[in-house]
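Join the two chains into one complex using the hints; note that each chain is given alone, in its own frame.
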Amino acid sequence: TQLLEQSPQFLSIQEGENLTVYCNSSSVFSSLQWYRQEPGEGPVLLVTVVTGGEVKKLKRLTFQFGDARKDSSLHITAAQPGDTGLYLCAGLTYNQGGKLIFGQGTELSVKP
Amino acid sequence: KAGVTQTPRYLIKTRGQQVTLSCSPISGHRSVSWYQQTPGQGLQFLFEYFSETQRNKGNFPGRFSGRQFSNSRSEMNVSTLELGDSALYLCASRIQGPNTEAFFGQGTRLTVV
Numbered sequence: 001t002q003l004l005e006q007s008p009q010f011l012s013i014q015e016g017e018n019l020t021v022y023c024n025s026s027s028v029f030s031s032l033q034w035y036r037q038e039p040g041e042g043p044v045l046l047v048t049v050v051t052g053g054e055v056k057k058l059k060r061l062t063f064q065f066g067d068a069r070k071d072s073s074l075h076i077t078a079a080q081p082g083d084t085g086l087y088l089c090a091g092l093t094y095n096q097g098g099k100l101i102f103g104q105g106t107e108l109s110v111k112p
Numbered sequence: 113k114a115g116v117t118q119t120p121r122y123l124i125k126t127r128g129q130q131v132t133l134s135c136s137p138i139s140g141h142r143s144v145s146w147y148q149q150t151p152g153q154g155l156q157f158l159f160e161y162f163s164e165t166q167r168n169k170g171n172f173p174g175r176f177s178g179r180q181f182s183n184s185r186s187e188m189n190v191s192t193l194e195l196g197d198s199a200l201y202l203c204a205s206r207i208q209g210p211n212t213e214a215f216f217g218q219g220t221r222l223t224v225v
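Residue numbers (this note's numbering), protein chains in the order written: chain C, 1 to 112; chain F, 113 to 225.
Bound-form chain F, shown alone (with noise of 0.2 angstroms):
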């Protein structure tokens, strides 16, 4: 059974440029989370989906956003991006509810220089 897929695995941005990440989960599971993760702060949540619903969002600017599809897959976009958002973008997904395993993807590392 495929694991979570994330593309793309690095990429390079220009500060002020906008940016989508994409996730496409494992076959059946429903929820897709994003996580922000660095160094400095470790792994941060950016949000929760879960059958095409934001269920839950961190605390994370407005230039941070995501939807997921019909599909299950879903997307994260930055816009305007700055210095800092350089970080491993990790996406999650479970099966259903919050209290199954969450699989992780390999991440994208974006770089904003």
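Next comes chain C alone, as it looks inside the complex (with noise of 0.2 angstroms):
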């Protein structure tokens, strides 16, 4: 079985704050992808990592895909009220087509 261990589960931190959301896994992962979900809404797509060691910015968060592409970190800098959501991982693995496997989840919430 295929797992992505994702954590922290839940995270509660004050606005300015810096923060970082782990996803590991035994598995190699052909990409993986970072997504936010708000209440009563499906996942939206914040960005994918394909390559080994590959770093992307979107504004202040930093995704990282690990050497060996089976772990991946996404780091907010400076959070505000605004990040807060529910942020998961989830990897597409080889031969299984469009299938995701996505981590547990972390419930960001950003005080003001």
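Everything labelled a hint here was simulated from the structure, so no lab data went into it. Please note: incorrect hints may appear among the correct ones.
Think about it this way: if two alpha-carbon atoms lie no more than 35 angstroms apart in a straight line, the pair counts; the simulated DSBU-like pairs of lysine-lysine are [said to hold, decoys possible]:
1. K70/C to K111/C
2. K70/C to K169/F
3. K57/C to K169/F
4. K111/C to K57/C
5. K56/C to K70/C
6. K56/C to K111/C
7. K70/C to K59/C
8. K169/F to K56/C
Going by beta-carbon spacing under 8 angstroms, a handful of chain F positions derived as facing chain C [what the hints assert, rightly or not]:
9. E160
10. S163
11. N211
12. G217
Every beta carbon over 10 angstroms from chain F, so not counted as near; a handful from chain C, in silico [said to hold, decoys possible]:
13. P8
14. E17
15. L19
16. S30
17. S31
18. E41
19. G52
20. T62
21. G66
22. A78
23. L100
Being a predicted model, the structure only gives us computed values, none of them experimental. Where is the CB? At the ideal position from N, CA and C, for every residue including glycine.
In structure tokens form, the structure reads like this:
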């Protein structure tokens, strides 16, 4: 069974703080995606990382794919209340078509 | 361009009943996947369809089934509902292959009582 372990599950921080969310697996992924989900909505894609060691930046969000393509991290700088939401990592494996394997999610709350 | 449309948004059913959920993908998208989201298990893959053919299936009992029509619309059916089937069911569409972006619908919230 392929698993993606995401941590932490819950994070409550003050506005302006930095944070990092981790996704780890023993499996190799062809690509890894990060989503954000608001209550009552479906997940929305933030970024896809494909190459081992790849780093992508999206404003205050920095995404990294591990060299071995088994892990990834999301770092948010100077968090804002608008960053509040559920963050999900999801991996695509070889030979399994479009099947996404999701981490458990990180519930982030940023207090003003 | 319209997004992925799932109907109904909310559903309450009784144990033992069956239910059919519908997903209309983005126009031009040929791939549809279904996921179940629960607080305990997170998002779990149910199945994937491409051009009316099931391309992949997750580890769910046979009570869960699906199909895709020639216009790419998809339905999933759950028979003999159990309390544990209460979940948010999400549909995602892709224009084609697995390396293209997946767009999710808002989901159908199913409650089994």
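Comparing the hints with the structure gives:
1. K70/C to K111/C: Roughly 32 angstroms between the alpha carbons, so the hint for K70/C and K111/C holds.
2. K70/C to K169/F: Cα-Cα ~23 angstroms, so holds.
3. K57/C to K169/F: 34 angstroms, holds
4. K111/C to K57/C: 23 angstroms, holds
5. K56/C to K70/C: 17 angstroms, holds
6. K56/C to K111/C: 26 angstroms, holds
7. K70/C to K59/C: This hinted pair holds, its Cα atoms lying about 25 angstroms apart.
8. K169/F to K56/C: Given pair K169/F, K56/C holds - Cα atoms ~31 angstroms apart, limit 35 angstroms.
9. E160: 5 angstroms, holds
10. S163: 12 angstroms, violated
11. N211: This hint holds: N211/F lies near chain C, its Cβ roughly 7 angstroms from the closest one there, short of 8 angstroms.
12. G217: At 5 angstroms from the nearest chain C Cβ, G217/F passes the 8 angstroms test, so the hint holds.
13. P8: 14 angstroms, holds
14. E17: Correct as stated: the minimum Cβ-Cβ distance to chain F is 25 angstroms, above 10 angstroms.
15. L19: 20 angstroms, holds
16. S30: Check fails; 8 angstroms does not lie beyond 10 angstroms.
17. S31: 7 angstroms, violated
18. E41: 6 angstroms, violated
19. G52: 16 angstroms, holds
20. T62: 20 angstroms, holds
21. G66: 19 angstroms, holds
22. A78: 28 angstroms, holds
23. L100: Contrary to the label, L100/C does not stay out of reach of chain F, its closest Cβ about 6 angstroms off (not over 10 angstroms).
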